Amino acid sequence: MKCKNWKIQISAYLDGALDKADRQAVIQHIESCRECRIFHEKHLALSSLFSVRAEGKSPSPFIWNKIERRITSANRETSRPSLLDHFRLPRLAYGMASAMLLISLAALVQLRKPSVEDRQLLAEMDTYTMDVQGNPFLKKASIEIDNPFFRYETGSANPFNSNLEADK
Amino acid sequence: MTLEISKEQLEKLIEAAAGGSVEDFRELYEIYSASVYKFVLGMVGIEAEAEDITQEIFIKVFYKLKKLKDPGYFRFWLYRIARNEVYQRHRQIQRRSEVSIDNEEIGYYEFIPDDKNELDPEKQVISRELDSVIQKAVLSLKPKYRDVFILAVQEKMSYEEIAKIVGRSVVSVKTDIYRARQAVKEKLDRYLY
Numbered sequence: 015m016k017c018k019n020w021k022i023q024i025s026a027y028l029d030g031a032l033d034k035a036d037r038q039a040v041i042q043h044i045e046s047c048r049e050c051r052i053f054h055e056k057h058l059a060l061s062s063l064f065s066v067r068a069e070g071k072s073p074s075p076f077i078w079n080k081i082e083r084r085i086t087s088a089n090r091e092t093s094r095p096s097l098l099d100h101f102r103l104p105r106l107a108y109g110m111a112s113a114m115l116l117i118s119l120a121a122l123v124q125l126r127k128p129s130v131e132d133r134q135l136l137a138e139m140d141t142y143t144m145d146v147q148g149n150p151f152l153k154k155a156s157i158e159i160d161n162p163f164f165r166y167e168t169g170s171a172n173p174f175n176s177n178l179e180a181d182k
Numbered sequence: 014m015t016l017e018i019s020k021e022q023l024e025k026l027i028e029a030a031a032g033g034s035v036e037d038f039r040e041l042y043e044i045y046s047a048s049v050y051k052f053v054l055g056m057v058g059i060e061a062e063a064e065d066i067t068q069e070i071f072i073k074v075f076y077k078l079k080k081l082k083d084p085g086y087f088r089f090w091l092y093r094i095a096r097n098e099v100y101q102r103h104r105q106i107q108r109r110s111e112v113s114i115d116n117e118e119i120g121y122y123e124f125i126p127d128d129k130n131e132l133d134p135e136k137q138v139i140s141r142e143l144d145s146v147i148q149k150a151v152l153s154l155k156p157k158y159r160d161v162f163i164l165a166v167q168e169k170m171s172y173e174e175i176a177k178i179v180g181r182s183v184v185s186v187k188t189d190i191y192r193a194r195q196a197v198k199e200k201l202d203r204y205l206y
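Protein chains in written order, with my numbering: chain A, 15 to 182; chain B, 14 to 206.
Worth flagging that the hints you see were computed from the coordinates, not collected in a lab.
As the structure is a computational prediction, the values presented were derived from the model and not from experiment.
Ranges between beta-carbon positions, derived for each pair:
1. A:Ile52 x B:Ile72: 41 to 51 Å
2. A:Ser112 x B:Arg104: 52 to 62 Å
3. B:Ala61 x A:Ser118: 57 to 67 Å
Cβ atoms here follow ideal geometry from the backbone N, Cα and C, with glycine treated the same way.
Chain A with its partners taken away, still in its complex shape (with noise of 0.2 Å):
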């Protein structure tokens, strides 16, 4: 074997990768190999100063800290339900259909509701209505409230009447 293909072998001779057989060999090779011991020897001293430096690194104790930050957050997100998950449930998709279908119903009615102006306004037309029917009860209302029909009832501006008087 060639000197090359000894120092791949010397190389994990080191490494601790070689059987019992293959150590002897190297063994026995370095002994009478010159370039070879010198080859082991230097691979040897890169070996061990390696190890040494190693030896002195260690990462921050803070890591774990943003690890687990970091972890607990993620957790944290998925675990709170999103507006949507409520839909996502049943008895809570029914509540919430039942509540918007109250809340629309509810808008409804209110703008269906006659205002203040309004009712007084269905209340002048109900009593002229009523006055015009002769009720006794409400005439004397309907001369309190400022009908602007009332205004033309006797006079002579009355546009009923002048017609009536053009057909005449």
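Fit chain B to the known structure of chain A by using the hints.
Frame of chain A, contents of chain B only:
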């Protein structure tokens, strides 16, 4: 150095951590973090960067642990994730440096790491210089040589274990380690006696 733990204990820890137990995952972290960090530091050469990558590695491990079918492969699987994370970060850095203003061909990881201020000033200077030279020698290696070299020489892993991590044959790993050794030795020759 990896703490001693029986196979059964390790399997229990892995199963519990895969089920979402942060406490058990912390134990796994305590066992493997130092060696993973050293491997990453050997690959990147900057302490802050190595810590950042180590953090990312363990977060990935926590979320991917459910997918690990055989707890016996945890160590290889962990180093595989670590290696991938380092390569991924390396690619990101390369992309970033491609668009940087000063397009110098200085490797990102050819940075002299910060040193611990525990030694006396004279030794500190020597140690710093040697540390820097060693780091530069390792960083001058191609990534495919660098990872196998660190796993073998620094982490003392067997060639079979390394082959599983890097996904190459044992013979290929053996010759790659030899080549890496030779290259590093040439750079550090004057420091070796």
